[in-house]
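Protein sequences, first through last, are from chains A and B.
Everything in the first sequence is counted per the numbering used here, starting at 4 for the first residue and increasing by one.
Everything in the second sequence is counted per the numbering used here, starting at -18 for the first residue and increasing by one.
These are computed hints drawn from the structure, not numbers from a lab.
Honestly, I wouldn't trust all of these hints.
Listed below are the simulated DSSO-like cross-link pairs for lysine-lysine, each with C-alpha atoms no more than 30 Å apart in a straight line [to be verified]:
#1 B:265 - A:268
#2 A:237 - B:326
#3 A:26 - B:125
#4 B:265 - A:80
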Amino acid sequence: MYQILLREDLVPGIHLFKVAAPKVASKAQAGQFVVIRIDEKGERIPLTIADWDRAEGSVTIVFMEVGTTTHRLALLKAGDAINDFIGPLGLPTHIDKFGTVVCVAGGFAVATIMPIARSMRQKGNKVISIMGARNKDLIFWEDELRSVSDQLIVTTDDGSYGRKGLVTEPLKELLEGDEEINRVIAIGPSVMMKYSALTTEPFGVDTIVSLNPIMVDGTGMCGCCRVSVGGETKFACVDGPDFDGHQVDWDLLFARQRSYLDEEKCSFDQWQSQMDSK
Amino acid sequence: MAKLNLNRVPMTRQDPKVRGKNFDEVALGYNEEQVKAEASRCIQCPKHPCTTGCPVDVDIHDFIKAINEDNFAEAVTIIKNKNSLPGICGRVCPQETQCEAHCALANKDAPIAIGRLERYVADWERQNNPSTTPATDKPKPTGKRVAVVGSGPAGLTAAADLAKMGHDVTLFEALHVAGGVLMYGIPEFRLPKEIVQTEVDYVSSQGVKLELDAVIGKIDTVDELLNSGFDAVFLGTGAGLPMFLDIPGENLNGIYSANEFLTRVNLMKAYLFPEYDTPVSVGKNVAVIGGGNVAMDSARCALRLGADNVYIVYRRSEVEMPARREEVENAMEEGIIFKFLTNPKRFIGNDQNWVTGMECYEMELGEPDDSGRRRPIAKEGSEFTIDVDVVIVALGTTPNPLIAATTEGLDTTSRGTVVADENTGRTVKPGVWAGGDIVTGSATVISAMGAGKRAAADIHAYLSEL
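Extracted from the complex, chain B is given alone in its bound form (with noise of 0.2 Å):
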């Protein structure tokens, strides 16, 4: 057997320095000889863990092979058979805790960059489609109709699924364009618009039909769609609500949640203010509390629109952060000041009512709470304050109630997630699935898929025994 090689390619990342000051993608991908190089590691091992790893079964090995065979075109077919959104889960996947974590090489702390890989894959596609990737099948029409409600990762993966197995699908969308948190939750320079938009036109051009500024519960109702010959209905429409701290002055000018803060953003395209007429305040000093994805996203684009200090204010320590290793890792890099152990109390504001300071306890950690992480706790007079102007809450979502509240016979959990089978996204009512964060809370864009994916398989077979 050949030599193990464990030495994994590194991906070129653009100058902390450079960077913290534009909204151009960080991580750079690979190039041909890069991609070549970390796929030529792959020791394509006959039980292929790596797959199982994945919440939506790529075949992973079969890409890396084709890859190591030069034929990118049959690398796109492999994962595209399994995954629609392969630009976006390149870049956004956990890979680490998930395929890559499986490798067989993993416990040589060198596992094949899969991301990476599946990154470059579909970029190429993206830059020489249509010519050299082979179209298709059209399949053959079912006649029967699915709306999906919500285009974010869960929406767009089912409505794919649904559309490739010949159903007719309709996926409604909120806001004025399609993928949700891919769109308005994802900076920039994370995630770039124009992927989630080639990967939204894949979507379409399976034959989803996409409608834009359709709220649904307030157009039609579930009930509505589903007696206007609808035969089945996915609900994918995420935690879209804002929590907040409910302490004192948390409505002082100045305070964002993080989905305002990011909306405005990534969305809206505020950081082009006045071009884009939508504007954002970014202050000097900002304060994001939270610890996962969401608040490191905050923070950085906060940086990059140009304010001199910006805090990552946490309560646990840094090896509690929920964020992705990667993504903290960047985040220091740039110059963003990490303040573990550190709680909000109170925010104290001037006569403008706008946001000038932030009373905080230290913490320390106790016992593990209900999540397995040692709950902090307030050391009694450790006040403190931090000059800010502005805050931003990265302190995780839940459902808009718009759904369950005009849907008959939903059944919701006490935290307003709706209740799905795990396995088929079922829910107690019948002709209705649900999947994503409407379920789990919070969660990742690749379990969404895996949701949006697993429930398409089960509404496949629902229509078929129609």
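Same shape as in the complex, but just chain A (with noise of 0.2 Å):
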């Protein structure tokens, strides 16, 4: 079992916990996972690494109220316990010295983004981070993204904090600025991926998405999560998650992403009406 040593809410539906897990702490890196289950009769489901302690021996995990899982996760509460945290899964996010790096992060992978633009200021990189969110009530971490970032932009959808906009406006001004771009990560919901490779496909630009396929045991052993880079399939838990945004064949990974819509759907409502009934 792993403790929940601190719970934090960040903003409506989405949430922070510092889980006790010593060994995965001694060993997360930036731009990895855990994959995680609540109980007994819980799935298997794949989180990134926000943060880690290796002294405390805590990593750090930010979710979003999704589907049941989620949901049953975001009623847990410090001091209780989820019964598997395994990681830390996936190969690192690949930090060098690459010149001027932009961290793109569209709604609460501002968390994930975290650590990614934390090490590559470390390696001596300038880091210019554009977070983008509906709108002012779901932005998080911006003081925490600035302290890592030379340059930070803010967007929201509606307008309502930060510039108005999608984070792929700012991007796609940055590559037409004078300022030579070296590196791009983008890290979000599929579609924000998606179009900010695309926006950054004709500057030439290496650009790094994070896949989140569908997962059962996130050790490379089922082949769930497999993905097409290049036209060659990969399997996103031990080839990824991060993989080239301009070879990622999006579409394939979109409609994967909906092969359970039905039973997500039946599993919520059962799960909704069990609440309701208490």
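From these two lone chains plus the hints, build me the complex, please.
Below, the structure written as structure tokens:
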């Protein structure tokens, strides 16, 4: 069992757990993920690692309430425990001195991009970060991301905070500007990653995305997470989750992510009716 | 000499019509009367050739003798001296090609049903333990520490044997339960998970420390284990990476590896969805590609989940199928439709990216290939389409490269398997042994157990000289 040391409600529907997992903490690196299973009847889902504290032996995850598992997770409090917490899985993000790196985060992926931006900066890169959310109420970790960036641009879809529009707009302007951009890391909802990659493609700037297909074991055993990159089938859990955004077959990813829409609805409805009856 | 009794006692099985709709065990095992009747047929021949057919050297004639003397506790002890997992072996070992093939009565087509006897003894113990079973003597601690990586059949066997020799053993498992393929691969109706758990608990009771959720190579590497106080490491990580056909359309929704399908059903209990959170797509028309035990397991799971038509699509003919005969017969009885000499060419999908059809070639058999089986050749212009909405690819697995990629100085083959001595399991890296599917590629539970056993003996010899 893995105890939740701290719970923080970042914004409505998005929560942070700091979990006691010394072995995972001792090896975690930016860009990796864990697979969790809440309890005996729970499914295994991947969650990216937002932070870690090797001395404390803790790993921080940030998640959004989407389906049954994340809603059930959101009911847990500090002191509660999660049955299984497996990691660190996947390959770490390739951190090197590239020059100027733009880190683009869509939605709650600001938590995923944080350790990457930090590592990129520590490596001597100039880091320009762009974070986008639907509206002001969903903005979190602005100061945190600013603290590991040389420049931070905030966008909201409705203009209620920062710049109005999508993250791809400032990204395009940066690419068109005078400063040479050497690498882009774009993480967030799949459609946001797709359009970020499409934005950078004409400029020929290497663009890394972190893919989030459905997974079961997360260790290369089942092949559920297969994605097509450059025409080759890859397993996101062991070959990724980071891939060259210009080579990803996005439509395949979207389609495979929708494999269980009916079952997800069935599961969620059942869970809700259980909750209602309590 | 008494007249030979050639009437092998049949084992009761659930009716095919009934069992095709439930996940309960198909084979119901002997009752006491049946077990005694079967055991009494053993002629106790002096050379006991049966044992030579057993990869873990169980003293078969002795345990049968104990059954005949009504001493089931003694039978348990005799088996467990050599085999820590009898309830599993009694169910899934291919006895017909091992111990039973060597039985003196095999040439009369009536070998003793050793597997069924073993199963009965293991089940007897589970129901009577611990009141009547003698406790094994606690071994004297040697002070040596061994890390066993992977808790499938090879790892469980190596861990139990090493612990019985007094070594301090830690067993690392990547998944959230121990048992490896016994838990995630082999279905409940062929190997109830309660039985696997009981035998895992037995291994733990021998002093083995079990660490679940521990992906070696991601947390500690093998070198870190060796540098942090472990005197030896045994790698029994299996062949975990599924193979695909590499034909067009293979990433359509509804196309599973057998590993994924079986993991969802067995490990995650998708057959109890939505009570359990993990779903699986069942489909009306399911095609399973492959002819091994895993293909049979997948097909029979799909049937039990409610599919209307389940096909086994195999590129060779019935005689070349690698699956156990018993499992093929079970599948046929249950109504699985076999399409022999058929091989998929491509998958066809709809606008939702969901598989709707599978275009296949008719095949014919040519000259034998490297495997000794006749090579299947596609007939030109023979293409036809089968309507399917779920496909399960059961073509075998290759080793997960994680261990090899994170361990300095391990020798691997082009197939990704780890090179280890066949008799001792020693790898070229000092202090590291390997056995089971990680060395051989996909094989059987018992051959992995045999490798675990031989490696444990060699590790013990090595540690005794440290």
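Do the hints match the structure? See the list:
1. Taking the CA atoms of residue 265 of chain B and residue 268 of chain A, the gap is about 20 Å. The hint holds against a cut of 30 Å.
2. For the hint pairing residue 237 of chain A with residue 326 of chain B, the CA-to-CA distance comes to about 21 Å; that is within 30 Å, so the pair holds.
3. Proposed proximity of residue 26 of chain A and residue 125 of chain B is supported: the alpha carbons are some 23 Å apart, at most 30 Å.
4. At most 30 Å may separate the alpha-carbon atoms for a hinted pair to count; residue 265 of chain B and residue 80 of chain A exceed this at roughly 42 Å.
Figure legend: structure checked against the earlier numbered hints; the only hint not met is number 4.
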